[in-house]
Structure formats: structure tokens, C-alpha cells
Amino acid sequence: MSKLANTIKPFARPLAILGGVLLIVAALLPWVTFALNSGKYPDLATLQFFDAPFAVTGFRWHILLLGVLVLIAVFAPIPSKGRVVRSLGWGGLAVALINSIFITTEGGGLGAITAADGNAAFGGIVGIVAGIAVILGGTGIGIELPAKWKVKLSTPLAYLVLVVTFAAVLFAVAQTLTAGGQGGPANPYAGGLFLSFLGFAAGLLTALNGIGLIGWISELSEKHRVFSVVVLLACALLLPFTNAGSEYWMTVAANIGIYAATAIGLNIVVGLAGLLDLGYVAFMGIGAVVAANLSGAAASKVGIDLPFPIAAVIAAIIAGIFGAIVGSPTLRVRGDYLAIVTLAFGEIFTRSAQNNIGGLTNGANAIPGVPPLDLFGKEFNEPLNIGSVELPSGVLYYVLIVLLVAAVMAIFANLKFSRIGRAWIAIREDEDAARAMGIKTGKAKILAFLVGATLAGLAGAVFAHKNGTVSYESFKFLESVTLLAAVILGGMGSIPGAVLGASLLFVLPEKLREFSDYRLMIFGLALVLIMRFRPQGLVPDRHRRAELAGEDVGGVPVDEVHEHDTKGATA
Amino acid sequence: MSTPVLEARDVSMVFGGLKALQNVSLKLDEGKVVGLIGPNGAGKTTFFNCLTGLYTPTTGSVLLKGDVLPGDPAKVTTAGVARTFQNIRLFPSMTVLENVMVGRHVRMKQGPLASIFHGPGYQKGERAARERSAELLEFVNLPGIEEELARNLPYGDQRRLEIARALATDPAVLLLDEPTAGMNPQETEATRQLILAIRETGVSVVVIEHDIKFIFSLCDSVSVLVQGQLLVEGSPEVVRRDPRVIEAYLGKPPDEVEAEVQAMVEETRQHGDAAESTTVLPVVTDPKPEGEQA
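Sequence lines, in order, name chains A and B.
Residue 1601 in the numbering used here sits at position 374 of the first sequence; the count goes up by one each step and never skips.
Residue 201 in the numbering used here sits at position 101 of the second sequence; the count goes up by one each step and never skips.
In isolation and in its complexed conformation, chain A is listed as follows:
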């Protein structure tokens, strides 16, 4: 890489400027030569652009913005210039590549993005060339570590910055969630547009990281921790008031939240204690089954109807007990052997639930009709009116789940910086040395399983009421693997990582409905690539980052992954 950097050093700036200009040009060029079979590629991507030149939207607007930012970055006196420019280049390349590949595969061949029917549409190709030029230019300018800002702020000013930041985060989350719209037959382009948006957002975020803004703000929020937590929670609760505030998006967000909470629980077992658990979702299943049976649903085998908080606690405790039981072999087995034990446990749960062994799961018929939660007579699946504002149904579940995720996060963070948390990390690092330090490793490992399983059981109880049906199909091996992938993708031992990982892995299936045949392949490819280029995960924990990243803490920008996503989809 450094050899390459030296070769292009003399041309770095002109190359970056050329790339930036080309990005802008690409945004203004047509991208598709003819209307695609499933309908016009979104908005102004066809030649019709010239009918309305000022209404640039969607990915073209993103490309245009990236191009302008590249030019600003090259000419403005900013720190870590090379890194910022390179990040923007990756963003541009990702957007151009994703859209080009998408158009090619959806619309019928290379003709769609070159020349056909007497029309020419080279936007995509120019965009790809521009992206590569900017990346090379950035590399040639020189990749330094992300800049560190020394600016100190007075408390009120710091609060203001944090509020503005979290408001921006809220806006970005709402935009990301709704990007591309609801996937499905009615909207075949949702997946491509969503991935394209992810590429753009990732490019922008890594650029902000390079310039030092993200590091500075995270330091700031670390300093004002309580305030940040409160504002962040408030922002999360305000999501229903944004453009994501429809029933569909609330449901998607709530589902993500349930899996995020479960992933954080798994992160205790895998990320902190270093115990590979391949059957984790079974604990969520146990929690769901217990809650369903105690809910008074017609199909439940236990004829009692307990209030939800009590049922949830019982579900969590029973899941925790199973966690301790599964954890007990960990006294004897390590590493690969433990993974097989947990894998077997997961299978035992699915099979016995499927065949209704024990008579509590109703087998293949599932347990339907789990009543929705209610509070003061208000059912959680109804719309909510606050004054004159009507919020869509599902909002109350969303709020409940946000609180659940917040609670699980707090538990995780508190445990991590405690006596038992240090013991877990020590076991992960070197079990023999940990024992020599007086840590009762057997007890500690069982405790890790117990806590993780309890949290999963709690999430399962909410899952049962929210979905209304509890079937063994929701708790199969694949779900365990996806959860594990979410933890590793996001960054082991890191809370934001687990949430981001869970969000990506559970929102992508919603968006990529039209790719359903390729979905798993995309996941697989994404994981392989992340493990190759960013083994520490997208938002790594401080410890893991140092362990796996070596010198260049920034690693490879995340957008590279999304770009490969589409390659996988079209392979």
C-alpha cells in the first residue's frame, strides 16, 4: 500500500480533484438508458433528469454531495486530509457501484448503464471511476490516524453540542430506517436504494471520524455520561415523531430492539467471557414459551393469566436456570467443545419444541393468540393519541422495547466495569492465569451464561406478547448464528457494536425481500469480508480494537462491506 501511495503521491491532489469533479458530473449524467422492467428506476435516474434538473434526489443527491465534499476537503485546511478524502471516495464508489450493479441485474444487462436504444447513460461508470480516483488521491495524500481535537467546552456549550449531535443521530437513524422504503413486491428497488444509502452514510461517517469529529464527540459524551444517556434515550423515544413514525417502521424498529437486547445479552457470554455460544436463541425461545404459557392465551397449557411484569420475570428466571444448566459443562469443556455443547442444546430446544415434548410448546401449531400487552386498559398494539398528535399502532411496543434495550445496556455496561466483568475478560484472555489470580473460573463462566440467558429470556417474553404467536420456528439455529454474527459484526464486547450489528442484520432482511434467495449469501460474504478487513468489528470495543487492528486503528472503511454486499447479491 505504501508503495502505491508513493507512486501516486505527486498526482494525489489533481487525482482527488478530478475524482471530485467527476463525482459531480456523474450525479448530473443519466444513469439508466431505458425504463426497467419493474418500473422506472427510482426518481430521476433515467434520462428524464433533464426535464427537471433542480430536483436532484436520492442517490444522485448523495453522489453530488460527496463530490462537493471531496473538493472542499482537498482545498480546505483540515486535519487527516488523506483519510477524509479516501473515506469520501469509498462512499462515492459504494454508491456508484451498488446502483450500477443493481441497475444491471434488475434491468437487463450492461446496456442499461452504457448505451442502448440510442440513449447513453454513463453516470454509473463515471461514478465508479471517480470513486476510485478519489480513493487513490486520498491514499496518495497520505493516511494519518484520525485527528484528535483538543477543544474544551464549558458545560452548557457541551450540552448544546451533545443535544445537536443526538438530534442529528435521530435524524440519521430515521433516514436510514426508511431509506429505500418498505421492501417487497410493490417496491422492488428498496434493497438497492437502502444499500446505496448505507454506502453513502458510511462514507460520510468515516470521513467525520477521520476529521476527528466523532472521536471528539464521543470523548465529550464520555465526560458528560449521565446527560448523554438521558438525551440519547429521549432521542430514541422521539423516533415515532420522525418520518419513521408509521406502523410498519415502528414494528421493524421494535423487532430490531428485541434482537438488539438479545445480542447484548449474548455479548456478555461471547464478548466478555469469550465463551462461544451457538444455541443462544434457545434461551429467548424459553422465555417466549414461558411468557406465552402464563399469558392466558387459549392455546397455552398452563391455565393461569399472570400480569406481564410477573410473567416476564418468571420467564427470565427460568431461562436463566437453563442458562446455568447449559453453562455447567463449561467447567470441563473449552473452546470448540463448548461451542458443540451449546449447538446441541439449541437443537434440543428446537426439536423438543417442534415435537411438543413437555407439552408446553404446542409443537408445529405454535401458541397463537398471545394477548397484546396493556397498560391502564390501553392495548399496546393500538394507535396512541397524545393531544392532537396521533401516533401509529406499535408505538407503545417500541417505547417498551427502547426501555428494555436501555436497561440491558446499563446492565452490560455496569457488569463490564466491575469485579465480575474483569474476571470474565481475564478468563477470555487467559483462563489459567485467571485461575492463578484467584478467580473461580467455573462459577464465573456459569454466571456469564446465567446472566446472558436471563436477558434473552426477558427479551423473549416481550417478543411473545408483541408478535402474538410463539412458534419454534422463530428460535432456530439460523437465528443463533445471526445473533452471533450481529455481535461479531458490530464488535465483540462493545454495546453500540451489538446494537448496530443487530440493526444491520435484522433490517437487511426487511429491505432485501426481493433478494430473499441471496440473503444468506450476502450475510456470509459480508461476514467473511468484515473478518478479513475489519476483524475488530464496526464499532470495536477499546480492548479488542487494540488487539486486532494493530497500528491503523481506523482499519478499512465500513462502506467497503456494503459495496461487496451487492456484489454478493448479483453473483
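Incorrect hints may have been included.
As the list claims (entries may be wrong) - Sample of chain A residues at the chain B side, in silico, Cβ under 7 Å:
(1) Met1636
(2) Ile1638
(3) Asn1641
(4) Ala1650
(5) Asp1657
(6) Glu1658
(7) Arg1662
(8) Met1664
(9) Asn1694
FYI, nobody ran anything at the bench for these hints, they're computed from the structure.
Glycine included, each C-beta is placed from N, C-alpha and C at the ideal position.
Start from chain A and add chain B according to the hints.
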């Protein structure tokens, strides 16, 4: 005669057909430093593993202050025997301070619930552990690097961090397995001063080492292990004059060794009470370890 703080009685360890240790006995009096020397494969580390509960001796027993130690490293550490490892075994991805705080584990009272909810007891205990750990880092001369990751420390500092971590368990007995392996003469000297300072605090020490001069100038008594059997034990003067030891181990005329040891003993006397202040080290520039002997 008071009870020895640590006593091994006729410890034997058999792996399959291999007799790694045969009836090895050792007595360690309070506030003393005992050296354990012997050729590679003599069973020194195996003996350490028996003392710390990592191995359960096939026959024989280990007593701390007259009580038989359980065969479990965690319980042995709780009882008051701490150790370092021949090949450094820190927790590489934890910070320096966290490494030492893991050592405080057995002396902290913090249940799972306190860990989850961070109650008032948590804050107090955590602060105390943090302060004690910082103190120990100061003691082993590693101040000001609490937030560094252990993996990023130079070799010599890692050795000293391991000692600080072991000391954090408030041990009565500290077992050091080749604490100067791979060190240059200055570092070795600093380690010797550190061990003397540890002895000053009332902790008894057992040291495995190949560096004969280091052992003879440091220890109050020396045991020689050859092929799993105790060959000789006694004061350094007795051991280094023993013809069997000279033949089996030293390979140098006794007078020559004597002269070198005298020089080092003299040096120690000159440094005298200022043992702690002399642990100041030059910056370590060569963290390259020697080839592992295991």
C-alpha cells in the same frame, strides 16, 4: 522453631510413567527468599505448579502456615500464595491497571448484584481496589502507565507488571518463575532489588532462576533440583561449595564463582536500605525474550 510459612512435604508428581518429582520437600520461613535452581527439565516449574494447586501432587502435601492447601489454584491464591509465570501470562488486552485490579479480585467483596447495580458499596470497593493497584504499580516502578494496554509494554515492564498483579492478591508467599529470563544485567539488578524490597514488606519469596549469581546473591537459602529429586538444600554458602552441585550444575571452579558472588553481595550492601529507590531502571530498549525453555 516457628511454623514455616510454606512447607512442601515429600511432594511427588507422576505423569504416566514419568516421575517428574520424587519426594521433594521445602521449607520457607517467614520473610525469607528461597531459590530453586536446577538444569532444564529438573522439575522446577512442575514443583511450582504443585505448590499453587495447578497440579495435585501424586503423593505428599503442601502446607501454608500449617494448613494443607487445597488442590485448586483459585483457592490457593485466596489462601495467600501468588505466582508469576515462566512465559509471561498477563491479560494482554486489558490495561495495566485492570491487570492489577484482576489481582485484587480475591480481596474484593462485590457480589453479582452489586456488580449489576453499582450500589454505594461498589463505588467504595472499586475506589479502594483502584488505589491499592496504583500503589502497587508505583512499588514495582511502573507509575503513570495505568491506561496502557498490557500487550504494549516492553518486556521488562511486563515482567514487573506480572509481579504487581501477583502482589495485588495480598500474598503471604510469592512464587516467581524465572523473573529475570531474557533481561539485561541492569534489569536483572533492578529485579533483584525489587525482590529484596518485596521481602522487606514481609512477603516470603520462592524464586526459580538459572542465573546462579542472581540466586546466590539474593537468597537466604537455596535448593537444587536435579531430575525431579532434591540434590542439596542449604544456605548459598553451603550450596555453592557442594561438590555435587559444582559438578552437576555450575561447571566453574568454586573460587571463581565465589569471587563474582562476593562482588555482588558487596554491591547489595552498598545500596543498603535504599533498596527501593535503586529499582529505578534505564529505559528498556531490548524487549526480546530468550528462547523459551519449556
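Results of checking the hints against the structure:
1. Taking 7 Å as the C-beta cut-off, the interface hint given for Met1636/A is violated, the closest approach to chain B being about 12 Å.
2. For Ile1638/A, the interface hint holds, the least distance from its beta-carbon to any beta-carbon of chain B being 6 Å, beneath 7 Å.
3. Checking Asn1641/A against chain B by beta carbon gives a least distance of about 5 Å; that is within 7 Å, so the hint holds.
4. Below 7 Å, beta-carbon pairs count as interface contacts, and Ala1650/A has one with chain B at about 6 Å; its hint therefore holds.
5. Because the smallest distance between the Cβ of Asp1657/A and any Cβ of chain B comes to about 5 Å, under 7 Å, the interface hint for this residue holds.
6. Restraint check, Glu1658/A versus chain B: the minimum CB separation of about 10 Å is more than 7 Å; hint violated.
7. Satisfaction of the interface hint for Arg1662/A is found here, the shortest Cβ-Cβ separation to chain B being roughly 4 Å, below the 7 Å cut-off.
8. The beta carbon of Met1664/A comes within 5 Å of a beta carbon in chain B, closer than 7 Å, and the hint placing it at the interface holds.
9. About 28 Å separates the beta-carbon of Asn1694/A from the nearest beta-carbon of chain B, more than 7 Å, and the hint is not met.
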